[in-house]
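Based on the hints, put chain V in the right spot on chain P.
2 protein chains.
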Amino acid sequence: MPSDQVLVIGGGPAGLEAARGVAELGTRAVLVEERDHLGGTPVFERYAALTHGFQDAEEVMNRMIQAVVSHPNVEVRLRSRVVSCEGSVGCFRVGIASTEDGAEPTALEAGAIIVATGFQHFDPGRETQIYGYYEYPDVITLADAEAMLKAKRFVRPSTGLPPERVCFIQCVGSRDRQIGNEFCSKVCCGIASKQAIEIRQQVPGCKVYIFYIDMRMYGYWENEIYWPAQEQYKVNYIKGIATEVLRKGDRLLVRGEDTTLGRPLEIPMDVVILSVGMEPSKGTRRIAQVLGLKQNKYGFIEVPHEGVDPVATSAPGIFVAGAAAGPKDLDDTLSMAGAAAARAVAAIRRVVASAAP
Amino acid sequence: MPSDQVLVIGGGPAGLEAARGVAELGTRAVLVEERDHLGGTPVFERYAALTHGFQDAEEVMNRMIQAVVSHPNVEVRLRSRVVSCEGSVGCFRVGIASTEDGAEPTALEAGAIIVATGFQHFDPGRETQIYGYYEYPDVITLADAEAMLKAKRFVRPSTGLPPERVCFIQCVGSRDRQIGNEFCSKVCCGIASKQAIEIRQQVPGCKVYIFYIDMRMYGYWENEIYWPAQEQYKVNYIKGIATEVLRKGDRLLVRGEDTTLGRPLEIPMDVVILSVGMEPSKGTRRIAQVLGLKQNKYGFIEVPHEGVDPVATSAPGIFVAGAAAGPKDLDDTLSMAGAAAARAVAAIRRVVASAAP
Chain P
1 MPSDQVLVIG GGPAGLEAAR GVAELGTRAV LVEERDHLGG TPVFERYAAL THGFQDAEEV
61 MNRMIQAVVS HPNVEVRLRS RVVSCEGSVG CFRVGIASTE DGAEPTALEA GAIIVATGFQ
121 HFDPGRETQI YGYYEYPDVI TLADAEAMLK AKRFVRPSTG LPPERVCFIQ CVGSRDRQIG
181 NEFCSKVCCG IASKQAIEIR QQVPGCKVYI FYIDMRMYGY WENEIYWPAQ EQYKVNYIKG
241 IATEVLRKGD RLLVRGEDTT LGRPLEIPMD VVILSVGMEP SKGTRRIAQV LGLKQNKYGF
301 IEVPHEGVDP VATSAPGIFV AGAAAGPKDL DDTLSMAGAA AARAVAAIRR VVASAAP
Chain V
1 MPSDQVLVIG GGPAGLEAAR GVAELGTRAV LVEERDHLGG TPVFERYAAL THGFQDAEEV
61 MNRMIQAVVS HPNVEVRLRS RVVSCEGSVG CFRVGIASTE DGAEPTALEA GAIIVATGFQ
121 HFDPGRETQI YGYYEYPDVI TLADAEAMLK AKRFVRPSTG LPPERVCFIQ CVGSRDRQIG
181 NEFCSKVCCG IASKQAIEIR QQVPGCKVYI FYIDMRMYGY WENEIYWPAQ EQYKVNYIKG
241 IATEVLRKGD RLLVRGEDTT LGRPLEIPMD VVILSVGMEP SKGTRRIAQV LGLKQNKYGF
301 IEVPHEGVDP VATSAPGIFV AGAAAGPKDL DDTLSMAGAA AARAVAAIRR VVASAAP
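So the protein lines, in turn, are chains P and V.
Just so you know, we're using this note's numbering here: the first sequence kicks off at 1 and counts up by one.
Just so you know, we're using this note's numbering here: the second sequence kicks off at 1 and counts up by one.
If we strip away everything but chain P, and leave its shape as in the complex, we get (with noise of 0.2 Å):
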């Protein structure tokens, strides 16, 4: 017997998106999500302004979540996690098991499966020491910066005073051979430019350097961050390496090369901010177990017609939507939801159909 709903697992900007796309086809969409409360990575991460509309992300993640929390067709169980999978396209038989206690876990029959288990932010500390993630406390990431810059308040953490001069070190985690993760992790350039702007908003005697390969702002990341950033905000954008962090006084130094000027760096810092790059995230690790489903070289969820196909992965029946597949902006995450929705909910019909006496 078919079941007509659609299980959406993971409450952040995909999963959200894609349970709301389910919902407005007049399909049920049962999300489930192992946090105690939804909207993912920007939420937990206490995102500032969003890359590249600059909108608070606080509001906009509120609004996705209203938008799905008040739709009678959603249902959403937090602090849930999905334990088990039998079954195919039409009728999975998923188990659903609490994270809170060791209950027996419930079943829950779905026609279709969309996966949302998204990205975790690398980790500076774990491989690449040079940067002295650990050991110096000014030394920050991305997502570090994100919730100070949310807060309204740039500081160094080892003074909580403004700072005089920050940088950002790209390709932290990624594009590096070494530590196994060839790829790009395609929007921290956009990223650090963002903030990059905000701290020469909230701190305008602050300067503020980039330290970059490519810098890849595609599309209107271009024209609506990088020549404000370059001619607005006077950011400084340096084609170079950093190779070392070291600690000079009560400052930082960063050692590297000017590979535009051909000459060795050393610029004192009071704040380095990495630019970590994105890996699957455990969620994603596990859900690709639990639900049979091939994962790239990196752990990624697989798409295997990636470039003709986005949203399936190796199982007819179960979509993948946003970063659990791999390094993707807000627009690739939001497009691709609301893309599995319709496949889901299509999905779900063909079976029905083909059921029918």
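Don't take each hint at face value.
Unchecked claim - Just so you have them, the derived chain P footprint on chain V, three or more residues with Cβ under 8 Å:
| hint | stretch |
| --- | --- |
| 1 | 53-61 |
| 2 | 131-145 |
| 3 | 210-218 |
| 4 | 230-237 |
| 5 | 242-251 |
| 6 | 309-317 |
To be verified - On the chain V side, residues computed to face chain P include the following (Cβ under 7 Å):
| hint | residue |
| --- | --- |
| 7 | L50 |
| 8 | N223 |
| 9 | W227 |
| 10 | G326 |
To be verified - With a cut-off of at most 30 Å between alpha-carbon atoms, the simulated DSSO-like pairs for lysine-lysine come out as follows:
| hint | chain 1 | residue 1 | chain 2 | residue 2 |
| --- | --- | --- | --- | --- |
| 11 | V | K152 | V | K207 |
| 12 | V | K294 | V | K152 |
| 13 | P | K282 | P | K297 |
| 14 | P | K239 | V | K207 |
| 15 | P | K234 | V | K239 |
| 16 | P | K207 | P | K239 |
| 17 | P | K207 | P | K248 |
| 18 | P | K234 | P | K150 |
| 19 | V | K234 | V | K150 |
| 20 | V | K234 | P | K239 |
| 21 | V | K207 | V | K150 |
| 22 | V | K150 | V | K282 |
| 23 | V | K282 | P | K297 |
| 24 | P | K207 | V | K234 |
| 25 | V | K297 | P | K234 |
| 26 | V | K282 | V | K248 |
| 27 | P | K150 | P | K239 |
| 28 | P | K234 | P | K207 |
| 29 | P | K234 | P | K152 |
| 30 | P | K282 | P | K150 |
| 31 | V | K248 | P | K239 |
Hints are computed from structural coordinates only; laboratory data are not their basis.
Virtual Cβ for every residue (Gly too), placed ideally from N, Cα, C.
Below, chain V without anything else, positioned relative to chain P:
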């Protein structure tokens, strides 16, 4: 009386995928295309392999076309053009004219509309005379190269013989304030690198150079194209600016600056390929007027809530998919098309539900 069908304007990848998405949701789609064939730019410009998966473009497009023309819920109207539109979401009344005769337009009702009218390549002779596109037969564009690669006959146009040295010049018509296109066209780095690999496969003795500002190989383009291009296919990437193309004997001479080495460039070439960017197609500019859609400063369809709602236009019930909204890659285009299909069908559902007695 609301209409329960969706009008899709444009028969390229975005329009085909949108029409299929609508049809698979059980809703009727009418796809209107000006040309006498479906397939859009990949077919019209005779693309070889697609970026980034290297699938054969003709095969992929034929599959997409077949899925649409064989679907009982889709009606395709070739050689047809939308010339008028009134009404609003749920009840658009559209006039469709033949491109072949002066017969009176026929009327069509649609509950929602998806605009998928795409882009056109920047004309490199228009304002960028420094590259001699109209002067030298061996100066060609990405699209010209694509057609030669598809025919498996990559030659110097002036001699018909295989070239020994080929270069790409990136950002022709993009990232350029002088011509008014400050945006990045997003796909040219990937397409040039893909073509560089194909040239090295088809003409193994040929040296290939790419002159670039930033290599924008975001996400998996980095590991799937950029690394193999450098390591396996020995493509020479030169961060530099080409300022001039001249004739020297029976060859071309590219002048500029290698910005990494900080020294002038002067390299003889057999073929120079201009990586021309995206501009709105004539159809995109025209349909914006006909439908009363806001356009951005570049003439693309404006997406008022970009980054938060990537397929909504300024008009309720009218959605956009693909490069009609600005530079997009094929993943973007197909995801947007799926999302637009879901939104269009949901918009009709809402109107029908509220009109029910």
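Taking the hints in turn, this is what the structure says about them:
no., hint, in the structure
1, 53-61, "holds (count 3)"
2, 131-145, "violated (count 0)"
3, 210-218, "holds (count 5)"
4, 230-237, "violated (count 0)"
5, 242-251, "violated (count 0)"
6, 309-317, "holds (count 3)"
7, L50, "holds, 6 Å"
8, N223, "holds, 4 Å"
9, W227, "holds, 6 Å"
10, G326, "holds, 6 Å"
11, K152/V x K207/V, "holds, 17 Å"
12, K294/V x K152/V, "violated, 42 Å"
13, K282/P x K297/P, "holds, 15 Å"
14, K239/P x K207/V, "holds, 27 Å"
15, K234/P x K239/V, "holds, 23 Å"
16, K207/P x K239/P, "holds, 17 Å"
17, K207/P x K248/P, "holds, 18 Å"
18, K234/P x K150/P, "holds, 22 Å"
19, K234/V x K150/V, "holds, 22 Å"
20, K234/V x K239/P, "holds, 23 Å"
21, K207/V x K150/V, "holds, 20 Å"
22, K150/V x K282/V, "holds, 26 Å"
23, K282/V x K297/P, "violated, 42 Å"
24, K207/P x K234/V, "violated, 39 Å"
25, K297/V x K234/P, "holds, 24 Å"
26, K282/V x K248/V, "violated, 37 Å"
27, K150/P x K239/P, "holds, 28 Å"
28, K234/P x K207/P, "holds, 8 Å"
29, K234/P x K152/P, "holds, 20 Å"
30, K282/P x K150/P, "holds, 26 Å"
31, K248/V x K239/P, "violated, 34 Å"
In summary, the numbered hints that this structure violates are 2, 4, 5, 12, 23, 24, 26, 31.
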